[in-house]
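Engineer: So the protein sequences, as listed, match chains C and Y. Just so we're aligned, residue 19 is where the first sequence starts under our numbering, counting upward by one. Just so we're aligned, residue 19 is where the second sequence starts under our numbering, counting upward by one.
Treat the hints with care, as some may be off.
No distinction is drawn between identical chains; accordingly, a pair holds when it is met within one copy or between any pair of copies.
Below, computed lysine-lysine pairings styled on DSS-like, alpha-carbon distance capped at 30 Å [to be verified]:
| hint | residue 1 | residue 2 |
| --- | --- | --- |
| 1 | Lys-194 | Lys-266 |
| 2 | Lys-356 | Lys-142 |
| 3 | Lys-31 | Lys-194 |
| 4 | Lys-328 | Lys-294 |
| 5 | Lys-310 | Lys-173 |
| 6 | Lys-310 | Lys-231 |
| 7 | Lys-180 | Lys-323 |
| 8 | Lys-266 | Lys-289 |
| 9 | Lys-239 | Lys-270 |
| 10 | Lys-266 | Lys-290 |
| 11 | Lys-270 | Lys-290 |
| 12 | Lys-266 | Lys-198 |
| 13 | Lys-356 | Lys-180 |
Note that these hints are calculated values from the structure, not bench results.
So you can see what is in the structure, the chains are spelled out below.
Number of protein chains: 2
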Amino acid sequence: MNDVFLKACRGEKVEYTPVWLMRQAGRYLPEYQAVRGNVDFLTLCKTPELAAKVTLQPVDILGVDAAILFSDILIAVEAMGMNLEFSDKKGPVLSEPIRTKSAVARLTVPDTEDSMPFVLETIKILRKELKVPLIGFSGAPFTLATYMIEGGSSKNFLHTKKMMFQNRGLFDYLMKKLTKTVISYLSAQIVAGAQAVQLFDSWAGVLAPSDYKESALPYVKKAVTAIRKEHPETPIIYFVNDCAGILKDAKKSGADVIGIDWRVDMSEAVKKLGKKVVIQGNLDPCALFLPKEMIDDRVIDILDKAKAAKGHIFNLGHGILPETPVENAIAMVEAVHKYSRS
Amino acid sequence: MNDVFLKACRGEKVEYTPVWLMRQAGRYLPEYQAVRGNVDFLTLCKTPELAAKVTLQPVDILGVDAAILFSDILIAVEAMGMNLEFSDKKGPVLSEPIRTKSAVARLTVPDTEDSMPFVLETIKILRKELKVPLIGFSGAPFTLATYMIEGGSSKNFLHTKKMMFQNRGLFDYLMKKLTKTVISYLSAQIVAGAQAVQLFDSWAGVLAPSDYKESALPYVKKAVTAIRKEHPETPIIYFVNDCAGILKDAKKSGADVIGIDWRVDMSEAVKKLGKKVVIQGNLDPCALFLPKEMIDDRVIDILDKAKAAKGHIFNLGHGILPETPVENAIAMVEAVHKYSRS
Chain C
19 MNDVFLKACR GEKVEYTPVW LMRQAGRYLP EYQAVRGNVD FLTLCKTPEL
69 AAKVTLQPVD ILGVDAAILF SDILIAVEAM GMNLEFSDKK GPVLSEPIRT
119 KSAVARLTVP DTEDSMPFVL ETIKILRKEL KVPLIGFSGA PFTLATYMIE
169 GGSSKNFLHT KKMMFQNRGL FDYLMKKLTK TVISYLSAQI VAGAQAVQLF
219 DSWAGVLAPS DYKESALPYV KKAVTAIRKE HPETPIIYFV NDCAGILKDA
269 KKSGADVIGI DWRVDMSEAV KKLGKKVVIQ GNLDPCALFL PKEMIDDRVI
319 DILDKAKAAK GHIFNLGHGI LPETPVENAI AMVEAVHKYS RS
Chain Y
19 MNDVFLKACR GEKVEYTPVW LMRQAGRYLP EYQAVRGNVD FLTLCKTPEL
69 AAKVTLQPVD ILGVDAAILF SDILIAVEAM GMNLEFSDKK GPVLSEPIRT
119 KSAVARLTVP DTEDSMPFVL ETIKILRKEL KVPLIGFSGA PFTLATYMIE
169 GGSSKNFLHT KKMMFQNRGL FDYLMKKLTK TVISYLSAQI VAGAQAVQLF
219 DSWAGVLAPS DYKESALPYV KKAVTAIRKE HPETPIIYFV NDCAGILKDA
269 KKSGADVIGI DWRVDMSEAV KKLGKKVVIQ GNLDPCALFL PKEMIDDRVI
319 DILDKAKAAK GHIFNLGHGI LPETPVENAI AMVEAVHKYS RS
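Kindly produce the complete structure, drawing on both the sequences and the hints.
Structural biologist: Here's what the structure looks like:
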């Protein structure tokens, strides 16, 4: 069992810097495409044998130090009672956006065993197969709220901010339900076998810092505290996208590891996050289109700068892009392992 | 003549904080809709009487301290030889994206008098009518390059970064041509009567800080230096969107004023930009959907924090949204004037 990733999460000394990639089970891999060619995306998420299969693929192909459950952050939103579809053009579509008190009232805090048994089943299969730790995950409350309120992706997040600004009670009501869901969902994943969990706050970065602090962070904090209380041994990673302006606050989430995007220099991130938190990140996913020797340079730069942190887990600053050459992803993983040893 | 805005640009003492809004001539105004209802967007940009008319509308309606020429950053791209269309659904479309050396070679550095006479004509009409200073503008070289290389808007800017990473010579060739265009275009606007100019770097924030420093900033610097040399009296504003991670570098552009988006707290921005530069910004455009008394609170907060800077011009952190209630925009302008006097 390769436990370098878990050690790094806890800030323990490691022989080399562990690495995994957000969306490492994904479309850039021909092996994934072969599986996905026969089933639609949601069926793939909900069929434990297939979800486990694609989760395993990058572990061997890339040589990464952790696996992440193949699923989608909106699976839990569907389980709360919304109608979810994935369109190739528009991405996720939630056909009846949440805008009223009665709509929030109708949402349930799902029991994972009952509503998402396939997730727990996938985790159990994976734990038998994996030689590296398994990361479970969930969307963070604010990010899930944006999808529910907007009805999918958004450009300006106007509906979300309008609710936040004009109907604070309703917004809080929704966020509380979401926070309960996140806590129970991640706890169930841990009980089933997930060895670390990551909260994805993909859209927290669209908030002004004061709004982030007031309307997103408190719910993350609550989730982190509750999960830690139930599962004190399980590392919690909090990924915040477009985080440069809110890093000091993100630290207050209490997560063991803060994941950062590529728009902030690693030196500055270390300075803002301080010595008490492990950092995960932060190569620009587009940098995997560089010639290999230049990928090396970027890896070395990030490794060097992250030395000043409590600990470092190498990752991209966002999900790997479908167009990425697999050999470059492999080269990146090798570079991380090679240069962090010396 | 109200010259508070120009004084503030120069860091001189002012009686109150001047304010204008990015996209203040736009769809949120029924008066704009009435004009736009009869002509398509590009025709509106290219008809001096109409462009002047919509430029003037918000000056009276909102009571702002500056007007900004009604136009589009892609007008200059079209003049360089690309085919530009605006689709209601997809936004701007440049049908033949620039990806090869021959495509860059075919682009011209346009003479503004010959290729965009309507812009100069609009400026001349406006200077006769306006009682506040007129701001001319251009896209910054990197932002213009993204549209040209992607063929429009983009999610990941992969084509742009691929060219930057894989074909540096070609990227630089394009950026040099763009920089020359920006310099000559803004100089022509100043000669025609623009009293300040703003460079919009709407997409600089998608770059990792090291890439921004190497691939976007040097061209902005070059443009700022050249324009200042020809027109030492004309203030230059450099707006950088999603700037939290690159603010310290953006200062090196040499611009008189740095415009910032809403994702960075004004206190932090002042700390990073120091005492030698005037700051413009940075209310979240969505905050105009707050109840009016809460808009006041946000205005006061930004005004207070910006006091530590060399000077401050109040603005939104991005363009005003089409859905914005006009009375809230007016309330914001009034709040800026009221609270900055005391």
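Engineer: Hint by hint, note whether the structure agrees.
Structural biologist: Hints, one by one, checked against the model:
For the identical chains of this complex, Lys-194 and Lys-266 are intra-copy neighbours only, at 24 Å inside a copy versus 38 Å across copies, given an alpha-carbon limit of 30 Å. Proximity of Lys-356 to Lys-142 under the C-alpha cut-off of 30 Å is found in neither arrangement, the shortest distances being 32 Å within a copy and 63 Å between copies. When the C-alpha separation of Lys-31 and Lys-194 is checked against a cutoff of 30 Å, the pair qualifies neither within a copy, at 37 Å, nor between copies, at 48 Å. Taking the closest pair of Cα atoms, Lys-328 and Lys-294 come within 30 Å of each other only inside a single copy of the chain (6 Å); across copies the shortest separation is 35 Å, beyond that limit.
For the identical chains of this complex, Lys-310 and Lys-173 are inter-copy neighbours only, at 24 Å across copies versus 34 Å inside a copy, given an alpha-carbon limit of 30 Å. Proximity of Lys-310 to Lys-231 under the C-alpha cut-off of 30 Å is restricted to the inter-copy arrangement: shortest distance 21 Å between copies versus 40 Å within a copy. In this assembly of identical chains, Lys-180 and Lys-323 lie within 30 Å of each other by CA distance solely across copies; the values are 25 Å between and 39 Å within a copy. Taking the closest pair of Cα atoms, Lys-266 and Lys-289 come within 30 Å of each other both inside a single copy (9 Å) and across two copies (15 Å).
For the identical chains of this complex, Lys-239 and Lys-270 are intra-copy neighbours only, at 7 Å inside a copy versus 37 Å across copies, given an alpha-carbon limit of 30 Å. Taking identical chains as interchangeable, the C-alpha atoms of Lys-266 and Lys-290 lie at most 30 Å apart whether they share a chain (6 Å) or sit on different chains (15 Å). Within a single copy, Lys-270 and Lys-290 get their C-alpha atoms as close as 11 Å, and across copies as close as 22 Å, so both meet the 30 Å cut-off. Taking the closest pair of Cα atoms, Lys-266 and Lys-198 come within 30 Å of each other only inside a single copy of the chain (25 Å); across copies the shortest separation is 40 Å, beyond that limit.
In this assembly of identical chains, Lys-356 and Lys-180 lie within 30 Å of each other by CA distance solely across copies; the values are 26 Å between and 49 Å within a copy.
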